[in-house]
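Letter by letter, the chains look like this.
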Amino acid sequence: MATSEKLLSTCRSAVPFRPRVWNSVTLTGGGAVTVRAWRLAGGTLAELPGRASGTGGQAVRQTESGNAGRVRHSPDSPRGRDEGGSISEAGTVGCLAVQDSLTLWLDSSLTSLTKARKVLPTLLDVQLPFPLEECIYQFVEFRRTPEGTVSALVCAARREAIQACLARYQAQVYHALGVGLDPMLLDHEGLALWTQSLVEWPAVAPSTSLRAMVGGPAEPSQHRALICLESDHLTLVMGSGTRYSQAHSLQTPAQSASADDLVNRLQLLLHAGFPARPPAAPVAQPLRAGNATHPPATLERSDCGLGSVADGPAGAEVQWLFCGARAGETAVVNALHQSLAQSWPGKLMIAKEPALFLARALGERALKRGPLRCNMRQLSLTHPVVRRMVERRARAAVVSILAAGVALMGFSLASRLLAERRFNRVKAEIARLAAELAPGLPSASPGVVIPYGREVPEVQKAWEKQAPLTKPFLEAFAPSLAVRLAEVIRAGKAAAVRFETLNLRRDSLALTGLAEDWDQCGELEERLKALGYAVKLERQEAVAETEVRFSIKAEGGAP
Amino acid sequence: MKLNTGLILQTCALLIFLAGLLASISALRQNAITRARLQGKLETLAQLSIIKQTHDRHQRSRQAFEALSNTVPVALATLAGATITSAAPEIRERETRSLVSGWTLRQAEVVFNEVDLSKVSGFLQAAENQRPPWRLVECALSSSRQADGLGRAVLILEALEKTRRQTTDNR
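Top line first, the protein sequences correspond to chains A and R.
Position one of the first sequence corresponds to residue 158 (our numbering), numbered consecutively onward.
Position one of the second sequence corresponds to residue 33 (our numbering), numbered consecutively onward.
Among these hints, one or two may not hold up.
Sample of chain A residues facing chain R (criterion: CB under 7 Å; computed from the structure) [said to hold, decoys possible]:
no. : residue
1   : Gln327
2   : Leu355
3   : Val356
4   : Pro629
If we take Cβ atoms under 8 Å as the criterion, some of the chain A residues that face chain R in the derived model are [unchecked claim]:
no. : residue
5   : Ile558
6   : Leu559
7   : Val613
8   : Phe634
I should point out that these hints are in silico values taken from the structure, not numbers from a laboratory.
Only a predicted model underlies this, so the values are computations on that prediction, with no experimental measurement involved.
Cβ coordinates follow ideal geometry from the N, Cα and C atoms, glycine included.
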């Protein structure tokens, strides 16, 4: 079931560049309908209905007057021209009619998208009634079925059909330039109608739609049938939610007596597109059930095994959308809707300015990226401008790669040079310092290098020899020992002791003396400690004398 | 055989890109090795810089002495006579060591017998205030048993001198 399928990928751009202005031209009957569309700041789209003339004095088919969508200017206003740019600068997009092509869902029965891409052309070849080599095709969308396999929507047409379509465009002449049309981009009518219907009547809420676009499971959505009523034919496009299903084209009967036949044929096709509610009669189809657009040869046949309309039960609810030149004929549209709604009830909606609907669709698709984009001008039929652009892009890619390669080489060379330069600078600095600190070392001589890792030991060795010769100069500025002597004497006076001998050096002190009290020695000890000495005090018990004899040995305490 | 220019260009571009890629990888690897070597050299440089700082301090100290107008220390006998009048010192020259740039380190022993010990500090202060100064290296004081405040002082002083040492000191 379509609603539980997961979108894997979709073709979002038909051409490898994005002109700002497109002239979309659709051919109907003997004339053409044009819409000029251009991109505005912020990605919005503006459209302007235009004109094209037929050749050989055929009557000019006028597009509907007034604005089309968001355009405020008349077709011939200079400002309108300015906003859209000149015709020569704009790209032209045309479309391949449904009766000249086919769209088809193919099941690959493979779970890998990569592998499926490889086998799908073969599957298409099997399905086609003509050799694949005579055909131009494009896979526009890939989905994963509920069974996990990959199915793909292919748009295909015979080369002759495309060439004939291009010839028809060539026969049309722009009234302004007087030259034939040569569409850069040849879109598919059915896909264009479908995506434009989703633009003008979104199928689901935006958040749900977005989820479906990024590959999440689509919400169950309503079936949708779009009928494009033209003067000579009718195009039926079917789908569910955002999923395109199939497209068919039927000749419009000239006499009203044949109208019932047309309805019958439409019902047959709708039965194939929208499966009837159970118990439904089994429907045999030549291609994938419910998903095929018949090849041109079979389009007009109503007896292609789809079953009888009268026997079928009432179908699911369907959104009925009408567009095309004859969609403005209310009686025709209502009659058709009432006939079809008996089996598939649903609301009727008619496009605004229905005659321009397809042309608008082509402009929208050419200007904006989106799902199901398609260009049938491929291989030898590619438009020269597109070919040039492709070649230019290829050249640009090559030049970019070339530049990247050169840049990488330059970067690697520069980084090496910089690293080496820094290393050499550090080495030179080491040599300079070594020469300054140890003038006798080999490094001081040019070309002589201290063994790696031996610089510091060698310099230290040399410095140890040299330092004693200069150290006395530094020591002359050290704090005086005389000051320390005065401090020690003051400490003795403060502790009320008498020194007998005092030996003072820079890092040691030796004292002997007498104290009247045992504790006075302790006080002296504390005072010496405060000066930074590690003090070792020895006191002797007074035996014959009344005073306490003491001796102190102290270390440290350098001033 | 017709050459496909586009294909040749693409191939060349690809080859140059690959060459650039390989060169970059090689440069990155080489740079990692260079960085490790550089780290070692920077550590060496840091250690040498520490030695250099000490060296510079020594040099600055020496320059301060070089800047003195008088490079011969005052005679200790004269100094003692001026500061301690009560006792004449015994002055003995100890070791003399040659330094750099003509400088020598002189060491002398000054012995005061039965001297008022409180006056020794005045002598030392006067000695240290000279330019170039005499510095106290070691001192040994011992009090006299005969009278309070008297005693024997043995002072070892040193000074820097830039002149040929005279064998007969006029102390």
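* Structure versus earlier hints - violations, ascending order -> Hints 1, 2 and 3 contradicted; others consistent.
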